[in-house]
Amino acid sequence: MVAEITAPISLKNVLGYNFAKVKAGTASVILTSLLSVDENGKTDLFRALADMENRLPSGIRTKKPVFHCSINPHPNDVLTDQQLQNIASEYMERMGYGNQPFIVFKHNDIAREHIHIVSLRVDSFGKKLPHAFEGRRSKKITDDLELKYGLIPSESRKKPQKDIAVKEIKSADINNGNVREQISDVVRAVLKRYAFQSLGEMNLILSRYNISVEEVRKEYKGKQYDGLVYAITDKDGNKLMSPLHASKIGRGTGFSAVSRHFEKSKAVIKEKAPLFRNAIIETMKNSPDKEQFLTTMKVHGIDVVFRQNEEGRIYGVTFLSDSLGMVANGSRLGKGYSANVFNDYFTNGKNPFLDYSIQEIDTVKQINTEKELSANQAIEEELFYEEFSENSDLPITVHGIDYKELAFQRKLRNKYGKLKINRKRRKL
Numbered sequence: 076m077v078a079e080i081t082a083p084i085s086l087k088n089v090l091g092y093n094f095a096k097v098k099a100g101t102a103s104v105i106l107t108s109l110l111s112v113d114e115n116g117k118t119d120l121f122r123a124l125a126d127m128e129n130r131l132p133s134g135i136r137t138k139k140p141v142f143h144c145s146i147n148p149h150p151n152d153v154l155t156d157q158q159l160q161n162i163a164s165e166y167m168e169r170m171g172y173g174n175q176p177f178i179v180f181k182h183n184d185i186a187r188e189h190i191h192i193v194s195l196r197v198d199s200f201g202k203k204l205p206h207a208f209e210g211r212r213s214k215k216i217t218d219d220l221e222l223k224y225g226l227i228p229s230e231s232r233k234k235p236q237k238d239i240a241v242k243e244i245k246s247a248d249i250n251n252g253n254v255r256e257q258i259s260d261v262v263r264a265v266l267k268r269y270a271f272q273s274l275g276e277m278n279l280i281l282s283r284y285n286i287s288v289e290e291v292r293k294e295y296k297g298k299q300y301d302g303l304v305y306a307i308t309d310k311d312g313n314k315l316m317s318p319l320h321a322s323k324i325g326r327g328t329g330f331s332a333v334s335r336h337f338e339k340s341k342a343v344i345k346e347k348a349p350l351f352r353n354a355i356i357e358t359m360k361n362s363p364d365k366e367q368f369l370t371t372m373k374v375h376g377i378d379v380v381f382r383q384n385e386e387g388r389i390y391g392v393t394f395l396s397d398s399l400g401m402v403a404n405g406s407r408l409g410k411g412y413s414a415n416v417f418n419d420y421f422t423n424g425k426n427p428f429l430d431y432s433i434q435e436i437d438t439v440k441q442i443n444t445e446k447e448l449s450a451n452q453a454i455e456e457e458l459f460y461e462e463f464s465e466n467s468d469l470p471i472t473v474h475g476i477d478y479k480e481l482a483f484q485r486k487l488r489n490k491y492g493k494l495k496i497n498r499k500r501r502k503l
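Residue numbering for the sequence shown follows our numbering, starting at 76 and increasing by one per position.
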């Protein structure tokens with residue numbers, strides 16, 4: 076999902092551009108907020124323009140009082156109008172425009188269905204809304220929305236360095252020799268790239284690379300000693316060798332080091348757990364069967380592992396995300412996400428996720444979007460759309476071709492593809 080923010084000078088021109096598309100049948104108004112509508116629940120150019128202009132105090136000094144944003148999901152994403160409305164509302168709320176009037180247009184004039192949002196950058200007192208780090212904040216919000224709604228990520232987030240590094244981890248093979256080095260390489264890489272708080276969670280990741288870890292306890296001269304042993308396994312988890320003590324594997328793989336990793340992971344998991352919970356809630360809204368649940372969660376970028384006894388009862392559930400670098404048991408996300416909850420649902424059909432009054436729903440607002448920002452990072456999103464002509468309410472069009480739209484399509488291909496174009500940033 077790519078969001079492009081601009082600050083047009085003319086409210087009339089930007090509304091005219093979008094309503095011209097509505098008149099042509101290639102766009103529709105799907106949402107209004109704090110704007111009046113007629114008896115049929117609809118609005119038009121003159122009504123929307125009058126409502127917004129009435130909110131602008133006379134004599135305001137802000138040269139560019141208009142907020143215009145286009146939000147563009149990946150071309151392969153298929154979203155309902157309700158989902159687009161939810162995305163628009165959440166985006167505007169987190170950007171700080173929740174109390175501002177705004178209107179949302181859905182454009183379907185090309186294969187890439189997308190939305191445009193028009194609002195005001197100043198409040199009813201003429202004070203400009205905060206816009207520092209606008210581009211950075213917008214990117215963080217769209218990243219969160221991609222995960223929440225299971226959307227295809229933009230290229231800039233789809234291949235972070237962390238994901239590339241994960242692919243470089245080679246599975247251990249007992250036939251390749253030097254088992255100590257193989258185990259050491261995998262364990263160190265996993266400790267570096269994933270947050271987890273138990274040996275069970277750690278084992279889930281290591282099992283991908285044919286390695287297991289166990290805790291051992293020994294008593295020497297009346298004193299208890301804790302340690303870890305590692306072994307190479309087959310694809311079914313069966314050990315192919317006598318376990319090696321961590322002391323023979325190398326520093327940073329022993330009980331003390333792993334315990335410190337558990338402690339350090341607490342803050343990471345606390346921060347990212349809302350993203351896991353939101354993905355689960357979004358998936359469970361459709362009351363899926365087990366296979367559908369696993370498949371949809373995978374679309375969200377999260378692998379789910381259920382542990383069952385011989386009778387088929389689910390007694391454990393673990394969630395793992397490579398992109399977030401985190402693994403957590405269901406109970407760690409909260410009581411409402413434990414194995415018992417899923418066992419009751421898949422056995423009796425009782426879906427507690429439909430009862431919003433008792434759900435511990437984490438909105439993306441709870442995630443501290445500003446913590447990664449520093450005072451020295453005054454990064455603004457590049458303005459893409461050129462200002463509309465002061466004397467025209469319509470887009471610049473020649474022989475029926477909307478050149479702004481064509482240029483924007485090229486920009487999206489660059490965003491989702493390999494080509495990156497760096498242009499000079501323009502200030503709002």
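Mixed in with the good hints there might be a few duds.
[Unchecked claim] In silico lysine-lysine, DSSO-like type, Cα no more than 30 Å apart, as pairs:
1) Lys245 to Lys339
2) Lys293 to Lys345
3) Lys203 to Lys267
4) Lys215 to Lys360
5) Lys215 to Lys139
6) Lys117 to Lys245
7) Lys425 to Lys215
8) Lys293 to Lys267
9) Lys360 to Lys345
10) Lys245 to Lys360
11) Lys323 to Lys373
[Unchecked claim] For each label pair, taking beta carbons as the anchor points, the in silico distance ranges come out as:
12) Pro205 to Glu114: 33 to 43 Å
13) Ile227 to Lys339: 24 to 34 Å
14) Ser331 to Glu168: 39 to 49 Å
15) Phe200 to Asp419: 31 to 41 Å
16) Val112 to Asp378: 37 to 47 Å
17) Ser164 to Lys425: 48 to 58 Å
18) Ser111 to Thr422: 44 to 54 Å
In case anyone wonders, no lab produced these hints; they're calculated from the structure.
Note that beta-carbon positions come from the ideal geometry of N, C-alpha and C, so glycine has one too.
Here's how the hints hold up against the structure:
| no. | hint | verdict |
| --- | --- | --- |
| 1 | Lys245 to Lys339 | holds (25 Å) |
| 2 | Lys293 to Lys345 | violated (33 Å) |
| 3 | Lys203 to Lys267 | violated (43 Å) |
| 4 | Lys215 to Lys360 | holds (24 Å) |
| 5 | Lys215 to Lys139 | holds (24 Å) |
| 6 | Lys117 to Lys245 | violated (58 Å) |
| 7 | Lys425 to Lys215 | violated (35 Å) |
| 8 | Lys293 to Lys267 | holds (28 Å) |
| 9 | Lys360 to Lys345 | holds (24 Å) |
| 10 | Lys245 to Lys360 | violated (37 Å) |
| 11 | Lys323 to Lys373 | violated (37 Å) |
| 12 | Pro205 to Glu114: 33 to 43 Å | holds (37 Å) |
| 13 | Ile227 to Lys339: 24 to 34 Å | holds (32 Å) |
| 14 | Ser331 to Glu168: 39 to 49 Å | holds (45 Å) |
| 15 | Phe200 to Asp419: 31 to 41 Å | violated (52 Å) |
| 16 | Val112 to Asp378: 37 to 47 Å | holds (45 Å) |
| 17 | Ser164 to Lys425: 48 to 58 Å | violated (30 Å) |
| 18 | Ser111 to Thr422: 44 to 54 Å | holds (51 Å) |
Going through the hint list in order, the structure does not satisfy hints 2, 3, 6, 7, 10, 11, 15, 17.
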